[in-house]
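A.B. asks: Line by line, the protein sequences give chains A and B.
When we follow this note's numbering, the leftmost residue of the first sequence carries the number 75, and every step to the right adds one.
When we follow this note's numbering, the leftmost residue of the second sequence carries the number 10, and every step to the right adds one.
Treat the hints loosely; a few may be bogus.
As the list claims (entries may be wrong) - Now the in silico label distances, taken between C-beta atoms and shown as ranges:
#1 THR252/A <-> LYS207/B: 25 to 33 Å
#2 GLY247/B <-> ILE228/A: 44 to 52 Å
#3 PHE85/A <-> LYS207/B: 40 to 48 Å
#4 PRO209/B <-> HIS148/A: 24 to 32 Å
Unchecked claim - Straight-line distance between alpha carbons at most 25 Å, and here's what the computed DSS-like set of lysine-lysine pairs gives:
#5 LYS207/B <-> LYS123/B
#6 LYS128/A <-> LYS160/B
#7 LYS127/A <-> LYS201/B
#8 LYS128/A <-> LYS202/B
#9 LYS85/B <-> LYS127/A
#10 LYS133/B <-> LYS207/B
#11 LYS335/B <-> LYS128/A
#12 LYS335/B <-> LYS127/A
#13 LYS547/B <-> LYS85/B
#14 LYS127/A <-> LYS207/B
#15 LYS85/B <-> LYS128/A
#16 LYS435/B <-> LYS127/A
#17 LYS128/A <-> LYS133/B
#18 LYS366/B <-> LYS335/B
The set of hints was computed from the structure by calculation and includes no laboratory data.
Glycine included, every Cβ here is placed at the ideal spot set by N, Cα and C.
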Amino acid sequence: MLTMIGKRLMFAIPSLIGVVIVTFLLTRALPGDPAAYFAGPAATKEAVEQIRKKLGLDRPLIEQFFRYTNDLAHGDFGNSLTTGQPVAAELRNRLPASAELTLLGLLVSIAIAIPLGVLAATRPGSWIDHLCRVTTTAGVSLPVFFTGLVLVYIFYFQLGWSPAPLGRLDVFYSAPPTVTGFYLIDTLIARDFEAFRSALSQLILPATTLAIFSLAPIARMTRASMLAVLSSDFVRTARASGLSPGTVIVTYAFRNAMLPVITTLSMVFSFLLGANVLVEKVFAWPGIGSYAVEALISSDFAPVQGFVLTMAVMYVLLNLVIDILYGVIDPRVRLEG
Amino acid sequence: MKRRDFLKSASGLAASAMVPAPAIWSPAKADARSETLLIVSEGGPNNLDIHGVGTNVPGYEVSWNCYDRLIAHEMKSGPGGVPYYDRDRFKGELADDMNVGDMSVTFKLKKNAKFHDGAPVTAKDVKWSLDRAVSVGGFPTFQMSAGSLTKPEQFVIVDDSTVRVDFATKDRLTIPDLAVIVPCVVNSELVKKNASEKDPWGLEYTKQQTAGSGAYKVTKWTAGTEVIMERNDAWVGGPMPKIKRVIWRMVPQAGNRRALLERGDADISYELPFKDFQEMKANGKLDVVSLPFSNGIQYIGMNVTKPPFDNLKVRQAVAYAIPYQKIMDAVLFGLANPMFGAPKDKPTEVAWPQPHKYFTDIEKAKALLAEAGYPNGFETTISFDLNFAGVNEPLCVLVQESLAQIGIKTTINKVPGANWRTELNKKEMPLFTNVFSGWLDYPEYFFYWCYHGNNSVFNTMSYKSPEMDRFIDGARKAAAIGDTAAYDTDVKGFVDLAFAEVPRIPLYQPFVNVAMQKNISGYQYWFHRRLDYRAMAKG
Numbered sequence: 075m076l077t078m079i080g081k082r083l084m085f086a087i088p089s090l091i092g093v094v095i096v097t098f099l100l101t102r103a104l105p106g107d108p109a110a111y112f113a114g115p116a117a118t119k120e121a122v123e124q125i126r127k128k129l130g131l132d133r134p135l136i137e138q139f140f141r142y143t144n145d146l147a148h149g150d151f152g153n154s155l156t157t158g159q160p161v162a163a164e165l166r167n168r169l170p171a172s173a174e175l176t177l178l179g180l181l182v183s184i185a186i187a188i189p190l191g192v193l194a195a196t197r198p199g200s201w202i203d204h205l206c207r208v209t210t211t212a213g214v215s216l217p218v219f220f221t222g223l224v225l226v227y228i229f230y231f232q233l234g235w236s237p238a239p240l241g242r243l244d245v246f247y248s249a250p251p252t253v254t255g256f257y258l259i260d261t262l263i264a265r266d267f268e269a270f271r272s273a274l275s276q277l278i279l280p281a282t283t284l285a286i287f288s289l290a291p292i293a294r295m296t297r298a299s300m301l302a303v304l305s306s307d308f309v310r311t312a313r314a315s316g317l318s319p320g321t322v323i324v325t326y327a328f329r330n331a332m333l334p335v336i337t338t339l340s341m342v343f344s345f346l347l348g349a350n351v352l353v354e355k356v357f358a359w360p361g362i363g364s365y366a367v368e369a370l371i372s373s374d375f376a377p378v379q380g381f382v383l384t385m386a387v388m389y390v391l392l393n394l395v396i397d398i399l400y401g402v403i404d405p406r407v408r409l410e411g
Numbered sequence: 010m011k012r013r014d015f016l017k018s019a020s021g022l023a024a025s026a027m028v029p030a031p032a033i034w035s036p037a038k039a040d041a042r043s044e045t046l047l048i049v050s051e052g053g054p055n056n057l058d059i060h061g062v063g064t065n066v067p068g069y070e071v072s073w074n075c076y077d078r079l080i081a082h083e084m085k086s087g088p089g090g091v092p093y094y095d096r097d098r099f100k101g102e103l104a105d106d107m108n109v110g111d112m113s114v115t116f117k118l119k120k121n122a123k124f125h126d127g128a129p130v131t132a133k134d135v136k137w138s139l140d141r142a143v144s145v146g147g148f149p150t151f152q153m154s155a156g157s158l159t160k161p162e163q164f165v166i167v168d169d170s171t172v173r174v175d176f177a178t179k180d181r182l183t184i185p186d187l188a189v190i191v192p193c194v195v196n197s198e199l200v201k202k203n204a205s206e207k208d209p210w211g212l213e214y215t216k217q218q219t220a221g222s223g224a225y226k227v228t229k230w231t232a233g234t235e236v237i238m239e240r241n242d243a244w245v246g247g248p249m250p251k252i253k254r255v256i257w258r259m260v261p262q263a264g265n266r267r268a269l270l271e272r273g274d275a276d277i278s279y280e281l282p283f284k285d286f287q288e289m290k291a292n293g294k295l296d297v298v299s300l301p302f303s304n305g306i307q308y309i310g311m312n313v314t315k316p317p318f319d320n321l322k323v324r325q326a327v328a329y330a331i332p333y334q335k336i337m338d339a340v341l342f343g344l345a346n347p348m349f350g351a352p353k354d355k356p357t358e359v360a361w362p363q364p365h366k367y368f369t370d371i372e373k374a375k376a377l378l379a380e381a382g383y384p385n386g387f388e389t390t391i392s393f394d395l396n397f398a399g400v401n402e403p404l405c406v407l408v409q410e411s412l413a414q415i416g417i418k419t420t421i422n423k424v425p426g427a428n429w430r431t432e433l434n435k436k437e438m439p440l441f442t443n444v445f446s447g448w449l450d451y452p453e454y455f456f457y458w459c460y461h462g463n464n465s466v467f468n469t470m471s472y473k474s475p476e477m478d479r480f481i482d483g484a485r486k487a488a489a490i491g492d493t494a495a496y497d498t499d500v501k502g503f504v505d506l507a508f509a510e511v512p513r514i515p516l517y518q519p520f521v522n523v524a525m526q527k528n529i530s531g532y533q534y535w536f537h538r539r540l541d542y543r544a545m546a547k548g
């Protein structure tokens, strides 16, 4: 097991180096001149040059690159110009917000999509199959910001059930002391149940929005892979041997159908984490997606590079976890690995 | 706790969270709410110090409320009875007394003024702060130079509580320039302690925290998320503010900002689409204040150095082909002052902005274009800044449609915000729309930046005319020595010339729109167009 993890991590190193180089070059190729942007509306040409010098952008590209990698090696991601903060600190503060939201959304999605997919596969053509098809199609074809806005409109604006979409906590609560960065856990550790309730109620709408969007791939994949497994020989044998339908479906069929579902889950998770920018915008969520996009708009190199690098590392780790999970679910994979 | 029990209680919690308790606040919370102002806006500050590198406009709002200047403007009654800053009357903020001499002005500091950390405000701090403003470079230094404040030697410590500012030349903008946001007074001892060799002015320190004597101090700032400010109870710069605490949250989605206002959760917001403001005005649930930008104009500019716009007839043809009224109605929903279509016989005023005499007349435009030698029109591009796409995009589409009628085919070029200033500086865009507004509300100030032959970045048309320069320089000189007759002639001269030669076509004077709950009072319009919490009250 450990050798496998070690090997996998070794393989990740070249791709990370590639990511560092490519993001560096891409951000430099962006249109827009950060020096002119940050010199302000009334800057003269000299003022722009002064700023360019201050930012070190007057040096040759190769020198800038070595300075950047050197800083990276010391754990310094540079400073964001738009927010004025060190990028590493900002990513550290913002990543848990995105991760908490994405994980909760994914959990909700799994809790609905997997049973739905299994039921649809066991009764193809029935009403539940149609229900599965309609919900997933609807979910995936509605853009997330639209679903988010509709939910805000109904549950906050019209009904008033949901709290104001103002980020992670109600304005009048203060954030719990940081342990994990996940407010749901930190508030419980701090035994601040009012804040816990506030954090949870802030999470419900955005998590639902994400869940609706990610229902489709999970449910469809569960259904397809269950259908394939259910028509295979060993299920027929199990049924012929008189095992109860529950045992056949859950113990034999479902476990075998899990592999592609797990793969899909990992893809959906990484996709959601990076791509929930729109949800973050709608709910004023202080996550990394909106951070990266804002930085991109203002040609702010450091956060964009930091964001891409973080995401690359996350992908590598996620793939590793999935590979380990494979081994847990299906011993055959372990043997081959 | 067993797993099953945990799941049960967790789902119970989830259910109870879904229906939050009705808005019954514990008494302490209700109190906190009535003394707290909750602001929602799209963007937040990137730096708490206006002297910093690349401080953005939301950062100005923090500086304005958390730092004091020597002097500030008095208020007068503006359009619709809303308090509007009075360009010509000043009051002391840190200064008790202002004594204007022939070539200098002397300020006596308030004796009991203290910084947030309790240190007294002394002449030393004032000099250090003004030195800092003229030395750090970039925007603050530029703004100081607009009032002929360029050298540290101009700021002299007379005694512990007296400062003198020497004039470099006679310039009537010098004193108003001391009342803008930039010349704020910083706690010099505190900042020096946190400065380094590489950063002698301590910009890194003041970027993260406020070190002033102002009515508010920042207690928490999470960039891109929120700013929390608490009242400074020892403030002596003016009457004690009523609002104890200001929570300023960034809500990127305009629709949500409106929902927050209409549900009564947020107290005040700006930066909403014009359509929203117009609807909110109509339904009357909220107070919506719309006031014209002082000394500000949105315009269509043409590069006069290159054909075809180097031809006066072509420029006039464009001026007759702009769909002015459509822009007012469909883009701005009426929330702007028209700057076009003045009656033919209306005399030129000694004022700025004032409307020009062009109006939409396609036939006349066609004739002018034919006279200019382009009977079949030509092709060009019209550029705009994507940061303000909400206004700029529909505006350019309307202009494009209208120009097509006289044969000018335009391609729309959308320039990303980060790139806009670079493009302006290059001065190569043939046709574009932009907005300019000056902090100092004087016609010659506007013209100096936008029409003068020294070709500043705001002279986006690269317009150069010795006659124009003579008028502008003349007006500046006349204003400095108080020669009203010469001043009036020169102002009328440059306005007439700008309209006759039309290097840029003024469209309208934009409005700043602010929506707030009915129980919020004390909104004041300032030249910087940001909120002044000090005068506001709730309930």
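A.B. asks: Look at each hint and say if it fits the structure.
C.D. replies: Each hint, compared with the structure:
1. As the Cβ distance of THR252/A to LYS207/B is approximately 31 Å, the hint placing it in 25 to 33 Å holds.
2. At about 45 Å, the beta-carbon gap between GLY247/B and ILE228/A stays in the expected band of 44 to 52 Å.
3. Look at PHE85/A against LYS207/B: about 41 Å separates their beta carbons, and that is inside 40 to 48 Å.
4. At about 25 Å, the CB distance of PRO209/B to HIS148/A agrees with the hint of 24 to 32 Å.
5. Proposed proximity of LYS207/B and LYS123/B is contradicted: the alpha carbons are some 29 Å apart, above 25 Å.
6. Restraint check: the Cα-Cα separation between LYS128/A and LYS160/B comes to about 22 Å, which is no more than 25 Å; the hinted pair holds.
7. Our distance criterion of 25 Å between C-alpha atoms is met by LYS127/A and LYS201/B, whose separation comes to about 24 Å.
8. Proposed proximity of LYS128/A and LYS202/B is supported: the alpha carbons are some 22 Å apart, at most 25 Å.
9. Annotation: proposed proximity of LYS85/B to LYS127/A is violated, straight-line Cα distance about 44 Å (limit 25 Å).
10. Between the alpha carbons of LYS133/B and LYS207/B the distance comes to roughly 22 Å, so the proposed pair stays at or under 25 Å and holds.
11. This hinted pair does not check out: LYS335/B and LYS128/A have alpha carbons roughly 46 Å apart, beyond 25 Å.
12. At roughly 46 Å between alpha-carbon atoms, LYS335/B and LYS127/A are farther apart than 25 Å, so this suggested pair is violated.
13. Restraint check for LYS547/B and LYS85/B: the C-alpha separation of about 22 Å stays at or below 25 Å, so the hint holds.
14. Proximity of LYS127/A to LYS207/B is assessed by CA-CA distance (about 14 Å); at most 25 Å being required, the pair is judged to hold.
15. With a C-alpha separation of about 42 Å, the suggested pairing of LYS85/B with LYS128/A is violated against the 25 Å cut-off.
16. At most 25 Å may separate the alpha-carbon atoms for a hinted pair to count; LYS435/B and LYS127/A meet this at roughly 20 Å.
17. Of the pairs offered as hints, the one joining LYS128/A and LYS133/B is violated, with about 28 Å between alpha carbons and a cut-off of 25 Å exceeded.
18. A hinted pair counts as satisfied when its Cα atoms are at most 25 Å apart, and LYS366/B with LYS335/B qualifies at roughly 17 Å.
Against the hints set out earlier in the document, violations occur for numbers 5, 9, 11, 12, 15, 17.
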